[in-house]
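**Q** This note's numbering puts the sequence shown at residues -6 to 159.
Hints are computed from structural coordinates only; laboratory data are not their basis. Possibly wrong hints are sitting among the right ones.
[What the hints assert, rightly or not] Restraint-style ranges between C-beta atoms, simulated for each label pair:
(1) Val106 to Arg23: 17 to 25 Å
(2) Leu97 to Val120: 15 to 23 Å
(3) Glu5 to Gln40: 20 to 28 Å
(4) Phe126 to Ser56: 33 to 41 Å
(5) Ile136 to Pro111: 21 to 29 Å
(6) Gly125 to Ser56: 43 to 51 Å
(7) Arg101 to Thr41: 21 to 29 Å
(8) Pro36 to Glu141: 18 to 26 Å
(9) Asn82 to Glu145: 16 to 24 Å
[To be verified] In the EDC-like style, the derived pairs of lysine to aspartate or glutamate whose C-alpha atoms are separated by at most 20 Å in a straight line are:
(10) Lys24 to Glu5
(11) Lys24 to Glu11
(12) Lys15 to Glu5
(13) Lys127 to Asp114
(14) Lys118 to Glu134
(15) Lys8 to Glu34
(16) Lys24 to Glu7
(17) Lys109 to Asp78
(18) Lys109 to Glu75
(19) Lys109 to Glu134
(20) Lys24 to Asp43
(21) Lys81 to Glu42
(22) Lys24 to Asp12
All C-beta atoms, glycine included, are put in the ideal place defined by N, C-alpha and C.
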Amino acid sequence: MDTAENSTNTVEFEKQFEDYLKSCGLRLTRKRLDVLNQVFEYPGHFQTEDLLVQMRRNGYLVSRPTIYRTLPLLVQSGLLTEFIDAQKNTRYESIHSLREHAHLICLRCNQIVEFKEPGIDALQKAVCEAHGFKAVRFRNEIIGYCAECQAEIEPQTSDADDETTA
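Make a model of the complete structure from these sequences and hints.
**A** The following block contains the structure:
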């Protein structure tokens, strides 16, 4: 994304968030705006504490409660999506990275692998249309075991297992 496009998106995201907050009788404060901007600067999936560390590292004086209160507002406004990882931790991802991709989440090591599948959005829309369902958002997660963890948890076969008894 180039600088001009990024600037346009930032203005649109701020406007969307401000409109949502107004509809709830809330204001777009400087602290909420800082959280919004840092969410879109975060590289990938994050937990609340990850964002707090990034913001403090970047010189923002923001409290933990401010972040905990702002993230659900960003989710409800449609600018952020949340999902639960294999360890039942809440993770977030900004909408600018949500186009036609899904997640593979390992139950053992908690690794999250994004994969892109160009037809996934179209397939979901077709399924919704076929069932007369109006989707608000899509969330694609496949929970299982990564190749490395599979190799570690699969039982090791020994020569004794191959022998048959008479």
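**Q** None of the hints should be skipped; say for each whether it holds.
**A** Here is how each hint holds up against the structure:
Checked against the hint of 17 to 25 Å, the C-beta distance between valine 106 and arginine 23 comes to roughly 36 Å, which is inconsistent with it. For the pair leucine 97 and valine 120, the beta carbons lie near 20 Å from each other, so the given range of 15 to 23 Å is met. One distance hint, 20 to 28 Å for the beta-carbon pair glutamate 5 and glutamine 40, holds here, with the actual separation near 26 Å. Distance hint check: the CB atoms of phenylalanine 126 and serine 56 are about 40 Å apart, consistent with the given range 33 to 41 Å.
Take isoleucine 136 and proline 111: their Cβ atoms lie about 23 Å apart, and the range 21 to 29 Å holds. The hinted range of 43 to 51 Å is satisfied by glycine 125 and serine 56, whose Cβ atoms lie roughly 45 Å apart. Checked against the hint of 21 to 29 Å, the C-beta distance between arginine 101 and threonine 41 comes to roughly 23 Å, which is consistent with it. Range check, proline 36 to glutamate 141: about 23 Å between beta-carbon atoms, so the 18 to 26 Å window is met.
At roughly 22 Å, the beta carbons of asparagine 82 and glutamate 145 sit within the given window of 16 to 24 Å. For the given pair, lysine 24 sits about 18 Å from glutamate 5 by alpha-carbon distance, which is consistent with the 20 Å threshold. Proximity of lysine 24 to glutamate 11 is assessed by CA-CA distance (about 13 Å); at most 20 Å being required, the pair is judged to hold. Our distance criterion of 20 Å between C-alpha atoms is met by lysine 15 and glutamate 5, whose separation comes to about 15 Å.
Pair hint lysine 127 plus aspartate 114 holds up; C-alpha atoms about 14 Å apart against a cutoff of 20 Å. The straight-line distance between the Cα atoms of lysine 118 and glutamate 134 is roughly 16 Å, inside the 20 Å bound, and the hint therefore holds. For the hint linking lysine 8 to glutamate 34, the alpha-carbon distance of about 17 Å falls within 20 Å, and the restraint holds. Pair hint lysine 24 plus glutamate 7 holds up; C-alpha atoms about 13 Å apart against a cutoff of 20 Å.
Using a Cα cut-off of 20 Å, the hinted pair lysine 109 and aspartate 78 holds, with the two alpha carbons roughly 19 Å apart. With a CA separation close to 18 Å, the supplied pair lysine 109 and glutamate 75 stays within the 20 Å bound. Restraint check: the Cα-Cα separation between lysine 109 and glutamate 134 comes to about 12 Å, which is no more than 20 Å; the hinted pair holds. Between lysine 24 and aspartate 43 the alpha-carbon distance is near 17 Å, which keeps this suggested pair within the 20 Å criterion.
With a C-alpha separation of about 15 Å, the suggested pair lysine 81 and glutamate 42 falls inside the 20 Å cut-off, and the hint holds. Straight-line distance between C-alpha atoms of lysine 24 and aspartate 12 comes to about 16 Å, which keeps the hinted pair within the 20 Å bound.
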